[in-house]
Amino acid sequence: MSALRAVPEPEQNPTDPVLDLAPDVADPGTDTGAGLDPRTDPESLTLCALMWSTDTAAAVRVTDALVPADFAEPAYAELFTLIADLVATGQPHDPASVAAVLHRAGGGQKDAPLRRALADVVTADTTGSSAAVHYADIVLSQSYRRSFHITGQRLMQAAEQGPEDELFDYMVQLGTAQRAAWKRLNTFRAGGAHA
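The letter at position 55 of the sequence shown is residue 100 when you use this note's numbering, and the numbering goes up by one with no holes.
There could be a bad hint or two in this list.
[Stated by the list, open to error] Straight-line C-alpha distance at most 16 Å; calculated EDC-like pairs for lysine to aspartate or glutamate: (1) K228 / D156; (2) K228 / E123; (3) K155 / E123.
[Said to hold, decoys possible] For each label pair, taking beta carbons as the anchor points, the in silico distance ranges come out as: (4) L212 / A141: 48 to 58 Å; (5) V112 / L147: 12 to 22 Å; (6) Q136 / K228: 35 to 45 Å; (7) D130 / F193: 43 to 53 Å; (8) Q187 / M216: 20 to 30 Å; (9) E211 / D170: 41 to 51 Å; (10) E211 / V146: 14 to 24 Å; (11) N231 / S175: 17 to 27 Å; (12) A141 / K228: 33 to 43 Å; (13) E209 / N231: 31 to 41 Å; (14) G135 / M216: 41 to 51 Å; (15) Y189 / M216: 14 to 24 Å; (16) Q136 / D210: 19 to 29 Å.
Honestly, the hints are just simulated from the structure, not real lab data. All residues carry an ideal CB built from backbone N, CA and C; glycine is no exception.
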């Protein structure tokens, strides 16, 4: 989908574009996977590698570098948050431990999509201690590219609906955010995590 087609018509979004330009965030229970195979989806493979990894340093590096917003699939973003919390507190982050956290939290039927996503991720079939870092690099790269689509949409919406005297400052603000995203990607690739 091109950025031009993704921009809603002005009457579809009557809010002030400069104050409310965040993209719509899907409900975590909504299936937005568009039929992606967990065995070839870098987001799924990152989570799988994290859960099966015994390399604590790699798990910490990945969970320090990624944020839930890096995941396009909302259920994967939630799973990442659970795994990252387990890694940060030094607890086991294997599939059974993640499933136990979900079970203790309750939720019943409303968490069915999250449990289904966990089952998909667990069986994505990735191995190797460096796999989590490798796939996390791909997730960061995809997130960086998606951020350009979102920035383009926001700029177009601001150009159509925003106050003229705020347009340049808004463009600078978005450009600064894109530069920070680029630095974060390169910091990870250089062996670090984002600040």
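Against the structure, the hints:
1. At roughly 35 Å between alpha-carbon atoms, K228 and D156 are farther apart than 16 Å, so this suggested pair is violated.
2. Between K228 and E123, the direct Cα distance comes to roughly 25 Å. Violation of the 16 Å bound is thereby established for this hinted pair.
3. This hinted pair checks out: K155 and E123 have alpha carbons roughly 13 Å apart, not beyond 16 Å.
4. As the Cβ distance of L212 to A141 is approximately 52 Å, the hint placing it in 48 to 58 Å holds.
5. Range check, V112 to L147: Cβ separation about 20 Å, and the 12 to 22 Å hint holds.
6. With their beta carbons about 31 Å apart, Q136 and K228 fall outside the hinted range of 35 to 45 Å.
7. For D130 and F193, the hinted distance range of 43 to 53 Å is not satisfied, since their beta carbons lie about 30 Å from each other.
8. At roughly 24 Å, the beta carbons of Q187 and M216 sit within the given window of 20 to 30 Å.
9. Roughly 50 Å separates the CB atoms of E211 and D170, a value that falls within the hinted 41 to 51 Å.
10. Checked against the hint of 14 to 24 Å, the C-beta distance between E211 and V146 comes to roughly 44 Å, which is inconsistent with it.
11. As the Cβ distance of N231 to S175 is approximately 19 Å, the hint placing it in 17 to 27 Å holds.
12. The supplied range of 33 to 43 Å is met by A141 and K228, whose beta-carbon atoms lie about 37 Å from each other.
13. Range check, E209 to N231: about 35 Å between beta-carbon atoms, so the 31 to 41 Å window is met.
14. With their beta carbons about 43 Å apart, G135 and M216 fall inside the hinted range of 41 to 51 Å.
15. In this structure the supplied range 14 to 24 Å holds for Y189 paired with M216, their Cβ-Cβ distance being about 18 Å.
16. Between Q136 and D210 the beta carbon distance is about 51 Å. The supplied range of 19 to 29 Å is therefore violated.
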